[in-house]
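Full structure from sequences and hints, please.
Per the numbering used here, the sequence shown runs over residues -6 to 309.
In short, the hints are calculated from the structure, not lab data.
Computed cross-link-like contacts, SDA-like style, restricted to lysine to any residue with a CA-CA straight-line distance of at most 25 Å: (1) K259 with E231; (2) K259 with R206; (3) K259 with A178; (4) K145 with E291; (5) K36 with Q22; (6) K259 with G166.
Quick list of the computed label-pair ranges, beta carbon to beta carbon: (7) A80 with Q22: 24 to 32 Å; (8) R143 with M104: 24 to 32 Å; (9) A249 with S276: 34 to 42 Å.
Note that beta-carbon positions come from the ideal geometry of N, C-alpha and C, so glycine has one too.
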Amino acid sequence: MRKYPLPPLDLLRSFEAVARHRSFTLAAQELCLTQSAVSRQIKALEDGVGFTLFHRLHRAVDITAEGQSLFEAVTRGLDDISACLAALGASTKAPQLTVSASVAFAWFWLMPRLERFGALQPEVDLRVLAADQPVLPSTQEVDVAILFGRGKWEGLEAQLLFRERVYPVCSPGYLRDHPELQRSADLLDQTLLHLEYPRAAAGDVDWRQWLLRQGVNGQPVRRAIRLNSYPMVLQAAEAGRGVALGWSYITDQLLAEGRLICPIDKALETADGYYVSVSASASRDAAMTAFLNWIVAEARDTSGFRMLAGNATHSE
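And the structure:
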């Protein structure tokens, strides 16, 4: 014995469409059926329930009082089923997390490591938003932001990943061709590669500041090469075109691979740093917690890596 003595559900679906459109023709178009097929289904439904659902007029369809009551009940049932399916579908979707960072940080530091995060959290749908104008996690667009500064942003909770650390880098070939490069002051007689762009996502360290912090106050003798893209600066350094400033979170790995070398064992570490931040008022779900724990652990491994012994050929 059936628990629910209902007419066939395809008849109820056709009935709902006719009642909603007040038209057999429009209902047939929606259901991809012929008008005569819909008419036969409504007739079968009326025969099954034992009362008339529609008045067939010359050029229109009018619903009866009984039909209106059934229409309201069928609509409630279909709405409940639709809402339930939508909720179930949402609950089975992969958790999504949007992370913002500067272009350099995203390209050089984050992206090479994301495979490890994916292996640990394969169910998380991670979206990376790279922009040199900081996008804060107080907006709905971003869940987690990697920010550069002193760690104090209103409405945010920030945890230090590592400090800004800057040192000179060049290709091994360039250093072989310039054996005179032994001290910081010798950089004044080298081709210096300058990065020129609005430093919204990085610090203010440039060659002038770096040399001043090393006690060098003279003017470079050779003409410099100025570029507005850090990947281009590193490419020029690898090609032996001159000496660049290397930010440790980017260039430590390049030194380890032998692609670049630190000609002078002198580094400038500032009070600024790179922080992972979230909104202080946002709730932390499992995906966000997993990402925060992972990136802090990755940064801890990075901060433990420094220039290899002997990489700096000369020291002062």
